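K.L.:
Sequence:
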Amino acid sequence: MVLGVCFVVAVIANLGIAACALRYREMRTPTNLCLVNLAAADLLFALGVPAVAYTRLTQSWRLGELVCRLLPYSQVMTLFSFSLSLNRLSSFVRKLARTCKYAPTYTAYRELGARTRRQFNSFERGKNSSLQSGGTSSCKKLNYELWDIRNYDV
Numbered sequence: 564m565v566l567g568v569c570f571v572v573a574v575i576a577n578l579g580i581a582a583c584a585l586r587y588r589e590m591r592t593p594t595n596l597c598l599v600n601l602a603a604a605d606l607l608f609a610l611g612v613p614a615v616a617y618t619r620l621t622q623s624w625r626l627g628e629l630v631c632r633l634l635p636y637s638q639v640m641t642l643f644s645f646s647l648s649l650n651r652l653s654s655f656v657r658k659l660a661r662t663c664k665y666a667p668t669y670t671a672y673r674e675l676g677a678r679t680r681r682q683f684n685s686f687e688r689g690k691n692s693s694l695q696s697g698g699t700s701s702c703k704k705l706n707y708e709l710w711d712i713r714n715y716d717v
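The sequence shown begins at 564 in the numbering used here and counts up by one.
Simulated from the structure, these hints should not be mistaken for laboratory data.
Since the model is a prediction, treat every value here as computed from it, not as a measurement.
Misleading hints may appear alongside valid ones.
Computed spacing ranges between beta-carbons, pair by pair [claimed, not checked]:
#: 1; residue 1: MET590; residue 2: ASN650; range: 18 to 26 Å
#: 2; residue 1: VAL568; residue 2: PRO593; range: 28 to 36 Å
#: 3; residue 1: ALA576; residue 2: GLY627; range: 45 to 53 Å
#: 4; residue 1: VAL574; residue 2: MET640; range: 17 to 25 Å
#: 5; residue 1: ARG625; residue 2: MET564; range: 38 to 46 Å
#: 6; residue 1: ASN595; residue 2: GLN622; range: 21 to 29 Å
#: 7; residue 1: VAL571; residue 2: LEU596; range: 32 to 40 Å
We treat Cβ as the ideally placed atom computed from N, Cα and C, and that holds for glycine.
Please construct the entire structure, taking both the sequences and the accompanying hints into account.
P.N.:
Written out as structure tokens, the structure reads:
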């Protein structure tokens, strides 16, 4: 239920952000385009939420080998894109931090970037899928630590 609500909110919010920033010419600032990039990465990540929710409910993998390979790949690429976008945004915030009171924001971005790199490294160590008894397969490439909200205390 919670993942379903998160999926719906993420899709609507990210499409709304992208539509606003891309529709109006005066909204096409470098900062807003960076936010559009973050929204696109978040939208791609959110598209994998139903597959993860289904797997959590059924406790087996019935979505096939292709989805088993594509879902972790899309999650890794999304995390990479997200990390790159945060890096670009943090360089902008760093320039502002020299003249304004944005130092706590910069520190939060650095912490989020470090967490993203740790998640990316944990995806790299994922195992291949394997068949279980009864013909159902288990996609062992999925890193469920990413979906555990207790891992994020920021």
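K.L.:
It remains to establish, for every hint, whether it holds in the given structure.
P.N.:
Comparing the hints with the structure gives:
1. MET590 - ASN650: 18 to 26 Å: Given about 22 Å between the Cβ atoms, the range holds.
2. VAL568 - PRO593: 28 to 36 Å: 32 Å, holds
3. ALA576 - GLY627: 45 to 53 Å: At roughly 30 Å between Cβ atoms, GLY627 and ALA576 fall outside 45 to 53 Å, so the hint is violated.
4. VAL574 - MET640: 17 to 25 Å: The hinted range 17 to 25 Å holds for VAL574 and MET640, with Cβ atoms some 18 Å apart.
5. ARG625 - MET564: 38 to 46 Å: 20 Å, violated
6. ASN595 - GLN622: 21 to 29 Å: 42 Å, violated
7. VAL571 - LEU596: 32 to 40 Å: 25 Å, violated
Checked against the numbered hints given earlier, the structure breaks hints 3, 5, 6 and 7 and satisfies all the rest.
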